[in-house]
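> Each chain, written out:
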Amino acid sequence: MILAFLIIAPLLAAIIALVLRPRQRTIIEGSAFAAQLISFLGAVNILFAVAAGETAVFGSWLRVDALGAWFLLIVSFIGLMSVIHSIGYLREEVRKGIIGFKRVRQYYILFSIFLFAMLLAVSADYPILMWIAIEATTLSTVFLISFYNKPSATEAAWKYLMLNSLGLLLGLLGVMLFFSLSEGGVSGFDWESLRLAAGATLSPVAAKIAFACILVGYGTKVGFAPMHTWLPDGHSKAPSPISALMSGVLLNVAFLAILRFSGIVKAAGAGDFVIQAFLFFGVFSVALSAFIMFVQKNYKRLLAYSSIDNMGILALGFAFGGIGTFAALLHTLYHSLLKSLLFLSAGNIFMKYESTKIAKVRGLFRALPATSIIFFGGFIALSGLPPFGVFMSKMLILTAGFQSHPIIVSSVLILLAVVFFGFFRHVSEMFFGKVPEGVVPGESNALTVVPIVILAIVFIALSISFPAPLRMVLDQATVLINK
Amino acid sequence: MTTLQIIATLLQVLFVPMASPLIIGIIRKVKARMQNRDGASVLQPYFDLLKLFRKDEVISEDTSFIFRIAPFIVFCVTIFIGASIPIFSLVTTYLPSGDFLVIMYFFVFGTFFLALAGMDAGSGFGGFGSSREMMVSALAEGGLLFSLLIPSVAAETTNVVGMVAVLQEFSLIQLLPIFIAFLAFFIALLAENSRFPVDNPATHLELTMIHEAMILEYSGKRLALLEWASANKLLIFIALGGNLFFPWGIGSEFEFLAIIFSLGVFALKTAGFVLAIAVLESIIAKFRIFRVPDLLFTSLVLGMIALGIIITI
Amino acid sequence: METTFPSIVLLLDGFSFLLAILMHLTRRNANLVRLYLIQSLFLAALLIVLGFSLGEKSLLWMALLTFFVKAVIAPVFFFRVLRKIPGAEISATNYLSTPLTLIVIMALVVLSYSKIIIPLGVLSPEMLGLFSLNLSMVLTSIFLLINRRGIFTQIVGILCLENSIVFLSTIIGVKQPVGLEIGMLFDIALWIVVAIVFISMIHTQFGTLSTAPLKKLTEE
Amino acid sequence: MIESFATIDTFFFAFGVLLLGGFSGFLVSRIANQKITDMATQGSAFIASLLVMLFSGSILYQGTGVAQSFESAFPMLSFSFRIDGLSAFFLLIISAVGAMASLYGIGYRKQSGGHYRSESFGFFFAIFLAGLFLVPAANNALFFLVVWEIMSLASYFLVVSEYHEAKNVRAGFLYLLMTHFGTVLIALSFLLAQRATGSFDFDMWRASLGSIDAATLRWIYGLAIFGFGTKAGIIPLHIWLPEAHPAAPSHVSALMSGVMLKTAVFMIIRFFFDFFPGAPMEWGLVLLVLGSISAVLGVLYALSESDVKRMLAYSSIENIGIIFLGIGSAVVALGYGMEKFAFFGLAAALYHTMNHAMFKSLLFLGAGSVASATGTRDIERYGGLIRVMPYTAVFFLLGSMAISALPPLNGFASEWLTFQSLFIGASSPSILVKSVFIGSIAALALTGGLVAACFVKAFGITFLARPRSDASRDAKEVSFFMLVPMGILAFSLILFGVFSTTVIAALVGVVGSIAPATGEPLRFIFWEFIEKRAIFSTVLPLEWVAIGFAAVLASVVAIAQWFARKRSIAIVRTWDCGENLTSRTEITGASFSRALMTIFQGVLRPTKQTDVEYHDEALRYFIKSRTVTTDRVDVYQDYLYRPAQSVLRWFGDKAKLVQTGNINTYLLYIFMTLIALLIVATK
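Listed in order, the protein sequences are those of chains E, Y, P and C.
Just so we're aligned: 201 in the numbering used here is position 201 of the first sequence, and the numbers increase by one with no gaps anywhere.
Just so we're aligned: 1298 in the numbering used here is position 298 of the second sequence, and the numbers increase by one with no gaps anywhere.
Just so we're aligned: 2028 in the numbering used here is position 28 of the third sequence, and the numbers increase by one with no gaps anywhere.
Just so we're aligned: 3448 in the numbering used here is position 448 of the fourth sequence, and the numbers increase by one with no gaps anywhere.
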């Protein structure tokens, strides 16, 4: 029941925004915020329930196991943060006269639908339902990417639309194949029966073919190189809260789909194919992003590539399995927190400097004390320097893989050093130096600072120790994937 | 402790400062003769020292206490080392300070302060003198170390006196590498004591002088101490060279005759060195400053070769 | 699973594949839409036939909806856009010349009939043939996306791809709850709306329906 | 009573004090001014360091190590501490220098007109110290990496604490970059060790003695040497040192140069003698060669510097080289199975580690005082400071004497010991080994001489003769808080030199505690080495030397003074050949070292460029001004680092091409990937 409610809440917010007049901005904001708060609380509640061993179910359509709960929590929390940030961000934009009230309302409608779709995707028990939901995320975010209505934004949105539609259709093909190719058919329409059928009668080769489609399809959404091409454009053009959501959450959601199917493929006895594919995409994504980040000139694109890089690391973690899975799941959490943190603070930077060029941004520390410190810290943490948690998750992933793939792990370690090099070059340039003329120091809007502070605190807390239920869910999820 | 021991010990301590001016005098005399001059008496250096001690002093206003203490340190270094090296007897001198690294680095000690003192007055001469001095000593150190290391490795002790005691028993063929090392040592000797072809002790020409440039500002007793110290240093090197590399005729027990005998032997060795130096200084010219390193590296390489040999046989 | 189909099924399937190829050849967007319209009609027909032969009510409903969304709404929208926007009739050019295009398509067909799908012993030989046919239809329509420069063509290409996937899943008899099927169709409908909005946006901002100007976003 | 301090609680309590002090700055600065804040932060750091000194000292004294372990939230990571003799020894050094540095820090910011906020500075200073304390104590590889990186990160922020100068920011960037690179290598070696032993616990590594195959071990050693070598600053991985040390405030440079480099030495010793003992002696030769190169080149670069702190940084490289010589000879000896000699070499390395910590931090503090009194780090603008800052001058002089290994100061003692260990090695049968050792001896001898030259220059140009600028004429002696630590350090130089035999005996005890033979955690009883020292007192009798020399000096001075008691001393101007002497007629630092630079120009690659400006360009007779700029070719930048960077850039530019901007291409990517995967899938 809670499950259904927490998923519906954003939809209600969207409907409210739809019926209200654009002038009633505060109500719109309030309802959006309330919806996110509700879904976050619901997610926490479900987390506890799952930790206690039961699974949250609604009808035959929605079902949240440990894995789902883990991602549900991430989605709802990041959603909450970014809605808070959006309020501050949009008010600032309106104050500057960049956008009008109509656009604000449109923003909140789409935003809420977007979150609704993601929550639905995470907790859907039917593969097809998940597909529908993810397709819905595409459709709802397209206009958020083209939000500023500039040609470049439109172009980014168009590419986003086309590439992801193609990808998702391939994903659909894969789903259909999974359903069709197991002899004697599939008893039900949900993951479990699919897994059972696969375990029973699905031939490995068939599973491989189907999974190939899935991997390419959803992989496009995840941003594996070489299907990543839409990602830097989209992330850099969208308003920062949206980039935060897409980079911090949407990628994970798509990854969840791949994970679920990979479990089925393993059941069908073609696990090695999954591992090889993950290894390939992982290494390729990390390498490509590492080198591009080194010569990147635009800080939002920089962050986007860092997302690709981290998706690659996740892929590697799941490929290595064992402790690697645990670490990878942990890494999804850390990455979501940090990446949304970084994108949100990038939004503040953008508001201050009105440019996404790294060359234009100097003296950040003087211009935006709070944001810049958090930004810098986020970078340090994300590049895996102790004492932050990412260090442990990365180290554990590498450790898990070092037993079987020493060469790959060593080269990835070197590549990560290259990532650090490139990333650090730009960050240190931005952080220090003289503030350019026309930039008045000082944070623009408290609401844009609060969420990143909260994110930072939560991240630090979670990298020191995590509460018992979280840990339990994490372990259960690890078991689910490794089984 | 017998009176003889006491006398011998005193002699050991005072021998170097007492005898060193004589060495200088002899060298000067020999050089004079080779230049067909009559030359001053061999005792002239003593008179010079006495005269200097009697004179008032002039000290630059720019100097600091470094300038004032340096001469004493330099002089005492020579006295101290002179007391702890084998000259005519082994027993009197078995001082713990006879470790050859200690000796070497004590000389560096002296050079260090001398160079500082040279810079202290703030005159261009002193500065360049110090610069060149440090260059020479830095490069000479390698050769000196190896040339002293070889006897030490052969004798398996680092104490110079102990080395002599052991090396006395060696046969000539065993001593061969030590003779090679001696060449290295001799070059180092010339460099360390600012003799030809590295430096000209007699000149006061800006472009050429090294040691003299550093002590240019000195006068009176401090100058005397410095002159005396350099004389001591020369004698110490001669003694080391004579006794380490030709380790014969050194008494190892307390007998009057033995001591007399070994004094005589030492006199002969010293005479040889003195002649060699004097002749050398008369027949060859001073090197250009930037050819000096070649010479010093030669000594270093000789030392390394000798070490290689001695360990192999 | 059913192994025998009315030969009409084969006919419909084959024809819609031909339509997919024809889409490569036509130059006029209007024709493109017509071809898509026909393909959607075939799809609806296929659903009806299967619905009757298998006695599945849901398939008939699906047929109705498919007909409504793909054969009525979509074409209407598209035609209106084509009428509104001047110079939209002529689609932008291919990257490959016609013969080359045909050669590539041939290669794709060969690929989809080749050993890739041989191991799918699940399917009866006859079914295997249909499977390959649809697979080649899928690949062909993806190739349509890649090969064309026009915004419009790409939209139609996506829809065509969707059609062929539905063909494939219907033929090999994947059944989903009606709700989900409706959801999918709803997505497609929404997608069409979004796409059409985009056509006008791009046209207003770039003044053309070719992808040529949409190459600004690179790593500078 | 001592025993009561030898518990891990003392250690943790010290951390409590340290971190409280570190955070307190943020509160104090709200209510009080910066001076008070410095007092609070640096003072608490001082107290904490004293506590750690007490702790490690009592551990050493009492002779039983302590160990404790806590679980962490993550698998494989456990916060496990283990303080044995070696750790305690390094802790003692670190905490001693830390105490001095923090004491110095109380007065430094004000004196130097420091442009950094003292609360943030104090915070990172505390973190840095905490990291330094934890590194020798960590007993789990992941935990070690954590504290290692904390140390590096905190020091990075200290380096950039004066970020208003772009130079410092660049220096910090280079520093963190290099240290990260080193950490990657370290992590790799740890991963290898984990792969071989199945655990990240150092104890498990110790337990796995001999069970690891040679190939893996080779990689582990190699990666460890270069990983930690980056931190230690061995050439050619040293480039960050001369940048980062000058950028940091002086007491931080003292800490970085004095002890942070030593943590790398610590870990190398651990790897070769504790974790995986019994390395083939070739590794010793590698260390010797690296050490020789670093020693000679380091001192040559130091000689050619005119920035006093850069010079000190280079001299740190040289000293690290000397330490490596000790370790290398020990490794060789152990490879030959001669544990006794291995002890000897190790003792030499440890002794020099300790001494370098002392005199280098003293010199950095002195340099900091001079720099903050004159407002410049360029020694060409110093001169005559001995009159205005007599105490600093004396302390700096002692430091220079110690680092130039003048007896009877401690520098000589450790250099003597290193020489001895090299002599031992030189008489080995194998030609290769012998030649390497002879080479190292030559390198060390050359280094000794050059260091003396280098520090004659440093001291002479800085403190002697006439001021070369108004800044140095108007300089004032630094404040009490800055003088005290220098004084203490200077005194300890004499102490640890004169009583070197005791120290050496003690060090042999410490070394015994990590001897692979022993099982128990720590074999080091204070009373044992009182007997042991008898052995050394006959070999290196520095106390006798000191006494004897002092006696001679006293008597000579007395005699001379008595003899010349009637003579007057006239204070006049320096003889000026009739010209009037200005500061421009003195010798400059550049010209002082020019001769040696010319001799070694093959290595140093000095560049010289002369610009002449004429009164009349047309007929070039009357020269208005002539400027000569001398510099060095930075070989490492030109031939190693820039090429590497351009390779990366090339890859980056190639990778950019993926993003063509053309959507059809993107679609094609997806399509091709699909086809490829399908083909692979059905293979």
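Check the hints yourself; a few may be wrong.
[To be verified] In the SDA-like style, the derived pairs of lysine to any residue whose C-alpha atoms are separated by at most 20 Å in a straight line are:
hint, chain 1, residue 1, chain 2, residue 2
1, E, Lys150, P, Ala2212
2, E, Lys150, P, Lys2215
3, E, Lys360, C, Arg3170
4, E, Lys150, P, Ser2169
5, Y, Lys1051, C, Ala3570
6, E, Lys297, C, Ala3570
Treat the hints as calculated values from the structure; they're not laboratory data.
> Taking the hints in turn, state whether each one holds.
Going down the list of hints, with the structure as the test:
no., hint, result
1, E:Lys150 with P:Ala2212, "holds (17 Å)"
2, E:Lys150 with P:Lys2215, "holds (14 Å)"
3, E:Lys360 with C:Arg3170, "holds (18 Å)"
4, E:Lys150 with P:Ser2169, "violated (40 Å)"
5, Y:Lys1051 with C:Ala3570, "holds (18 Å)"
6, E:Lys297 with C:Ala3570, "violated (71 Å)"
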